[in-house]
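Given the coordinates of chain A, work out where chain B should sit on it, guided by the hints.
Note that the protein sequences, when read in sequence, are chains A and B. Residue numbers are given in the numbering used here: position 175 of the first sequence equals residue 175, and the series is strictly consecutive. Residue numbers are given in the numbering used here: position 238 of the second sequence equals residue 238, and the series is strictly consecutive.
None of these hints come from the bench; they were simulated from the model. Since we're looking at a predicted model, the values are computed, not measured. From the three backbone atoms N, C-alpha and C, an ideal C-beta is built for every residue, glycine too. Treat the hints with care, as some may be off.
As the list claims (entries may be wrong) - Selected chain B positions facing chain A (in silico; Cβ < 7 Å):
| hint | residue |
| --- | --- |
| 1 | N56 |
| 2 | D65 |
| 3 | G72 |
| 4 | G73 |
| 5 | P147 |
| 6 | A150 |
| 7 | P154 |
| 8 | A157 |
| 9 | N240 |
| 10 | V241 |
| 11 | L261 |
| 12 | L267 |
The residues making up each chain are set out below.
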Amino acid sequence: MIDVGNPTGGARVVKSTLITGLWSLALMALGWAMSGCGAVGADSGSTSRRAERLVITGSSTVAPLVAEIGKRFEASEGVRVDVQTGGSSRGIADARSGLADIGMASRALGAEEEDLAGFTIARDGICVIVHRDNALTELSDPQVVEIFTGRLANWQAVGGDEREITVVNKAEGRSTLELFLKHFALDNRDIAASVVIGDNEQGIKTVAGNPGAIGYVSIGAAEHAVARGVAIKLLPMSGVDASTETLSAGIFPLARPLTLVTHGKTSALAQRFINYAGSPAVYDLVRELSFVPAG
Amino acid sequence: MPAHRPFTIWSESYRLSRRVDWLLLWSLRLSAIVSGALVLFITIFVVAEAWPALRNIGVWRFLNDASWYPSGGADGGTFNLVPMFVGTLLTTAGAILLAAPLGVLAAIFRQAYAPPGVGRVYRWLIELLAGIPSVVYGFWGLVVLVPMIARFEPPGASLLAGILILTLMILPTTALASDAALESVPRRYVEGAAALGLGRWAALHCVALPAAGSGIATGVLLATGRALGETMAVLMVCGNVVAVPASLFDPVRTLTANIALEMAYALEDHRSALFVSGLLLLLMVSALVLAAEAVDRRQTVG
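Chain A with its partners taken away, still in its complex shape (with noise of 0.2 Å):
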C-alpha cells in the first residue's frame, strides 16, 4: 500500500533539501575563498584583435582601487588589465621577478627596496573614532595604547563620562591593523578586543550603536559616515585633526601612500598605465573609494 499522507515522505524530502542545501553552502564558501585569492577582475571582453596585457599584483588595499582605474583604463586604451591580490609583499616579489608588470603596496618603499621604482597613487589615513555622545575631544597617544591594551576600562578615566570602553579592533590580517599596531608599537595580542570587525562600514556601525565604543578606520570612510548623520566622531591623532584635508596636506601622522611599484626598465604600457592612475582623471574614483588622492 502506498500511502500519499505517510509523513515518512515529508521528511525523505526535508532530509535531501537538507543535503543539497549545506553542499551548496559548501559551494558558496569555495566560491567565496577563490574570489577572496584570485583576481579581483578588471577584464573587459571587447577585444576583437588580441589585447595587450598589463599584469598587475599586490596589496588587497590598492587592488580595488587599481581595478576600478584599469576599467577606464582599458575603455580608453584598448588593452586588457589583470589585477590581483596577494599583499604588499607579493606585489614587490612579482614585481621583482618580472611576474607582474607593476606591483602594489600600501606602504612606502623601504631603504633594502632602493632597486625599484614607486609611484604614489593616493593616500589612505586611520584615525581613531568615538560614539558622537561620547565628551572626549581628544585622546593623546598613550591614553589610546592604555586603552586599547585593557589598562584603562572605563572612559572616566580619561575625563570623560562613566561608562565601559567597549574596544573595537580589526580582524587578523588586515592592514588597516598592521599600520595601527606599528604606528603605536603594538602587538596584537596585547589588544584587549572586545569586538573584531572586518571592514570600515561595520567598524562605523558598530562604534555608532555603542556609546562606549572606540575603533579606528579609514578617514575617508569615517568623514562619509559623519556626513551621513551617522553617530560616530573623528578624534584628532597626536593634536592633528583627522581629515582628507590634514590627510592630503601630508600632516596627518597616521597615513600611508598608495603605492605602485615597478622594476628594472618600465616598459611603455605600464608607465602610460601608472601616469593615468596618478592623474585627476581618476580623483573620482580614488574619493569614491574613500581615498586621498596623491597630486
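Quick look at chain B alone, frame taken from chain A:
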C-alpha cells in the same frame, strides 16, 4: 513491491527499448554523475588546501595552541581553533533550543487552533520570514539588537545576539517543516483519536505529534544545518573575539565568521589554516547528515 521505490516496476529492457527513455536515462545518469562528482571535488579541494597546514602545523596545535594569531606562519603564529568550534556549537545549539519549540508550537497553533483565515495569514508571515536574506538580519541585528543589548551589558555584540539572530533565521524552517509534518498526518489517525473520545490536545499529544515526529526532527536538523553554515549575520552581531565565552554577553567567533573575516587577507599557512576550519565545518555538517539518515531509518524500520 518496495513502497519507497515505486518506479522500479518497469524492467530495464522495457525502458531501454524506448528511445526517449534511453535519452532520459542517460541525461539523468549524467546529471547524477555531475552532482556527485561536484561534491567529491569540493571535498578533495578543501582537504588539499587544508593539507599544508595539517602537515606544517599539525592537528595537535589546532587543539592546543595558546590562541589564534595565525599571520605569523607555522613557526611564529598560534592556531587554536577550539574557541571557534565552541562558538559555532554554542550559537547553533542556543538557536535550536529556542527555535525548535517555538516552531513546533507555531505549527500546532496553525494546524489545530487558528481560525482558517488567521492560519493562512500566519503561514504567509512565516514564509516571508524565511525569504529575508541573511545580510538583512545581520544589518538589523547590528543597528537594533546589538545596541539594545549594549545598553544593559556592553559590548552588546555577543553570543546572545548571535543566538537571537540565528533563532529568527531558522524559526521559519522548523515552523514550516513541523507544519508540513502535522498536515500530512493521515486524517483517519485524527478521526480514530476523536472516535476514542480523545480531546484536541490529547489527540495532538498522543497521536498526531508522534506520527509527525520524524518530519519535525528532520526539519530541526535542516535548521541546524542552516545555523551552522550561516556567516554574514553572525559575523555582524557576534563580536568575533576569539575566546571561549564565559557568559551569554561575551563575544564569540564562529568557524564561518573566521573564514569570512580573514580569507581575503590570508597567505600561505594562515590561508591553509582557514581551510582547516572549513574542513572542520564540513565534518560537522557530515555528522548532521548522518544524524538525519539515522532519524529517517529509524522511522522506516519502526
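Against the structure, the hints:
no., hint, in the structure
1, N56, "violated, 18 Å"
2, D65, "violated, 12 Å"
3, G72, "violated, 10 Å"
4, G73, "violated, 12 Å"
5, P147, "holds, 4 Å"
6, A150, "holds, 5 Å"
7, P154, "holds, 5 Å"
8, A157, "holds, 5 Å"
9, N240, "holds, 4 Å"
10, V241, "holds, 5 Å"
11, L261, "holds, 4 Å"
12, L267, "holds, 6 Å"
The structure is inconsistent with the numbered hints 1, 2, 3 and 4, although it conforms to all the rest.
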